[in-house]
Amino acid sequence: MFLIEVRELRKVYSLGDIEVNALMDVSATIAKGEFVAVMGPSGSGKSTFMNVLGCLDQPTGGQYLLEGIDVGKLSRDDLAGIRNKKIGFVFQGFNLLSRTSAIENVEIPLLYDGRHARERRERAMAALKSVGLEGREHHHPNQLSGGQQQRVAIARALVNDAPILLADEPTGNLDTKTSAEIMELFVRLNAESSITIILVTHEPDIATYSRRQIKFLDGRIVSDEMTGKA
Amino acid sequence: MINLPSTFRISLRALRVNKMRSALTMLGIIIGVGAVIAMLAVGTGASRKIAAQISSMGSNLLMILPGSTTSGGVRMGAGTQPTLTMGDAEAILKESSAVAEAAPVLNGVAQVVYRHQNWSTGVVGTTPGMLEVRDWPLALGRPFTQQDVKSATKVCLLGQTVVDNLFGGMDPLGQIIRIKKIPFTVIGVLATKGQSPQGQDQDDTIYVPVTTAQKKLFGTSFPGMVRIIMVKAKSAEELGAAERQVTELLKQRHRIGPKQDNDFTVRNLTQFMQAAEQSSKVMTILLGAIGSVSLLVGGIGIMNIMLVSVTERTREIGIRMAVGAKTWDIRLQFIIEALTLSLIGGVAGIIFGVSGSKILSILTGWPTVVSPLSVVLSFGFSGLVGIFFGFYPAYKASNLNPIDALRFE
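Chain order of the listed sequences is Z and R. Sequential numbering of the first sequence, starting at 0, is according to numbering that gives the first Met the number 0. Sequential numbering of the second sequence, starting at 0, is according to numbering that gives the first Met the number 0.
It is worth saying that the hints were derived from the structure and are not from the lab. Please note: incorrect hints may appear among the correct ones.
As the list claims (entries may be wrong) - Which stretches of chain Z does chain R cover? Using the computed rule of at least three CB atoms under 8 Å from a CB of chain R, they are:
1) 73-84
2) 128-140
Stated by the list, open to error - Non-contacting residues of chain Z with respect to chain R, defined by C-beta distances greater than 12 Å in every case (computed):
3) 17
4) 28
5) 93
6) 97
7) 98
8) 110
9) 143
10) 156
11) 159
12) 167
13) 193
14) 212
15) 225
16) 226
Claimed, not checked - Have a look at the derived ranges for each label pair, beta carbon to beta carbon:
17) Z:193 x R:407: 33 to 43 Å
18) R:346 x Z:77: 24 to 34 Å
19) R:407 x Z:20: 20 to 30 Å
20) R:357 x Z:117: 45 to 55 Å
21) Z:116 x R:51: 49 to 59 Å
22) Z:19 x R:383: 22 to 32 Å
23) R:4 x Z:20: 39 to 49 Å
24) Z:66 x R:408: 32 to 42 Å
Bear in mind that the values here come from a model prediction, so they are computed numbers and not experimental data. The beta-carbon is built from N, C-alpha and C at its ideal position, and this holds for glycine as well.
Just need the whole structure built from these sequences, with the hints factored in.
Have a look at this one:
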């Protein structure tokens, strides 16, 4: 059984009279522990693909099996549960809650999982430590650099031990040096805890950190190949 | 699973982060709840005062006054014709089935002296039945008896104001005071009654047997004459019957033909006061309604702020949904925020309303009574306002699509 399996996935946006085919019959499988880069120019459908995988958006057609479960048949709240337990998100814009300390940001997924305060605190501390942010727990996002903010977001994605980490242009707002640090963190996490990482990027440099590259163009997969690690 | 304590924490944090806005939103509820409580306190105070005055006067009362005399075409006003007698009072009590008690009154103003103190007060000559008519118990001593009335004993009951002025802190029982220079023994002290509905001090009075008043103090133009007869009906329902029976009886006794005017007037005191009480209750409801309007406006203020808050925090909602917040997690967060605003506002409003009505009664002298019911009611109402006006914004927030909420700029 694959961790992720999509069959003829289709997504159509209607913008007034015009229908935009963001995804056209996309089929792919991703196994546990893979490190995949999803590439393509803007408008190629890679972000839509990512949002569907992350259960943030619903496909118009086709099937999405996550650990063998047909996600299309689940309710809104079941999807929320999947996002909580199975998937961690890292966004280009970090998407941290402002005026909320780093540790409290990391605790949020545990909060919605109904964990108690002590467990939340301990696990959030451990997650922050694993991304190298020890001692910064009580800083607010505006007191942290871009790289540090992205580390907080990664800690938040890791805190609930989700098997999948989805990263949408995680280095888009960062300089080259910080980008490299973040990517090395991803590589380390993938190697150490065998978390499955799916990374959306349009930068070939960033994609080289992955072991598999899926290229999108006009809503279709145009290539899907294993690459040697950089 | 919804985690209530955590949701509660999230809500409180959001309110803390926007302190100024939370305080301003609360202000609407504070003023609303405060207004309801203060308005009801003023209204309740007014009705309580009227009710207390009614009960101090005695309930189910009729007052019978003699008719007016005409002297050379000039009519002299009610009570100027000396037509009521002791006999009338006795006949009313004996023959009218709806009457519980009847007491004649012959009164006047007299100077009263005890040792080196003196005081001018109203002296009321009456029968023992008067105490029941007025619902007026004794604080000390004993009432005078029918025997005292029969033999015109020189005994008296003192009102509290008279006691204060003549005796200071001393025990008046058994002491001799002089009314119009005639010595009277003090046998009892009337309980404190306070102001009458007309604002007179009811405790500034002395009761003596009616016969003593007739023979020794005020004199009468013919034997047995009295100025007023006070009648107490058996119940509020029988007040009308008592009025008819008394009128009929006095017509017969005074030999008044069908076409003649009555030489007496029967006044129903209680009815007049009940009308006043009724209007003060209507007033209370009206004041409460005005207060409720401001509470409603405060509630709309909460909804307004919550709607703004939902729009402003769309991204936050998106982030929360992305990491696993379910429909009711989001809904509860916003409902609890609204509820917290309205309940804290409610508590502050209660403090504001209670102290406001106290200050009002100090400044204006109006009696204000904060009833526990009005506090509970307005607090409960502010809670309802919070849930009611918080639900729509919460519902709106929870129905956002996660990806749309995340992309919201």
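Structure-based check of all given hints:
1. Judged by the Cβ-Cβ criterion of 8 Å, the segment 73-84 of chain Z is covered by chain R as claimed, because 7 of its residues qualify and three suffice.
2. Look at the segment 128-140 of chain Z against chain R: 0 of its residues bring a Cβ nearer than 8 Å to a Cβ of that chain, fewer than three, so the hint is violated.
3. The Cβ of residue 17 of chain Z lies farther than 12 Å from every Cβ of chain R, with a closest approach of about 19 Å, so its non-interface assignment holds.
4. At the 12 Å boundary, the C-beta of residue 28 of chain Z stays outside the reach of chain R, the nearest C-beta of that chain being 23 Å off.
5. Against chain R, the non-interface label of residue 93 of chain Z is violated: not every CB pair exceeds 12 Å, the least being about 10 Å.
6. Distance check for residue 97 of chain Z against chain R: the nearest CB is about 8 Å away, which does not clear 12 Å, and the non-interface claim fails.
7. At roughly 5 Å, the least C-beta separation between residue 98 of chain Z and chain R is not larger than 12 Å, which violates its mark as non-interface.
8. At roughly 5 Å from the closest C-beta of chain R, the C-beta of residue 110 of chain Z falls inside 12 Å, breaking its exclusion from the interface.
9. In this structure residue 143 of chain Z is separated from chain R by more than 12 Å, as the shortest Cβ-Cβ distance comes to about 16 Å.
10. Taking the minimum C-beta to C-beta distance to chain R, about 8 Å, the non-interface status of residue 156 of chain Z is violated against the 12 Å cut.
11. Distance check on residue 159 of chain Z: its Cβ comes as close as 8 Å (rounded) to a Cβ of chain R, failing to clear the 12 Å threshold; non-interface status is violated.
12. With a least CB separation of 10 Å from chain R, residue 167 of chain Z falls inside the 12 Å interface cut-off, contrary to its annotation.
13. Listed as a non-interface residue, residue 193 of chain Z keeps its Cβ farther than 12 Å from every Cβ of chain R; the least gap is roughly 22 Å.
14. Every CB of chain R is more than 12 Å from the CB of residue 212 of chain Z (nearest about 24 Å), matching its label as outside the interface.
15. No beta-carbon of chain R comes within 12 Å of the beta-carbon of residue 225 of chain Z; the shortest separation is about 30 Å.
16. Residue placement check: residue 226 of chain Z keeps its beta carbon more than 12 Å from all beta carbons of chain R (closest about 29 Å).
17. With their beta carbons about 35 Å apart, residue 193 of chain Z and residue 407 of chain R fall inside the hinted range of 33 to 43 Å.
18. The hint said 24 to 34 Å for the Cβ distance between residue 346 of chain R and residue 77 of chain Z, and at roughly 40 Å that hint is violated.
19. The hinted range of 20 to 30 Å is satisfied by residue 407 of chain R and residue 20 of chain Z, whose Cβ atoms lie roughly 24 Å apart.
20. Restraint check, residue 357 of chain R to residue 117 of chain Z: a C-beta distance of roughly 47 Å satisfies the suggested window 45 to 55 Å.
21. Separation of residue 116 of chain Z from residue 51 of chain R is about 56 Å and conforms to the stated range, judged on CB atoms against 49 to 59 Å.
22. The supplied range of 22 to 32 Å is broken by residue 19 of chain Z and residue 383 of chain R, whose beta-carbon atoms lie about 46 Å from each other.
23. Range check, residue 4 of chain R to residue 20 of chain Z: about 46 Å between beta-carbon atoms, so the 39 to 49 Å window is met.
24. For residue 66 of chain Z and residue 408 of chain R, the hinted distance range of 32 to 42 Å is satisfied, since their beta carbons lie about 34 Å from each other.
In the structure shown, a violation is registered for the earlier hints numbered 2, 5, 6, 7, 8, 10, 11, 12, 18 and 22, in ascending order.
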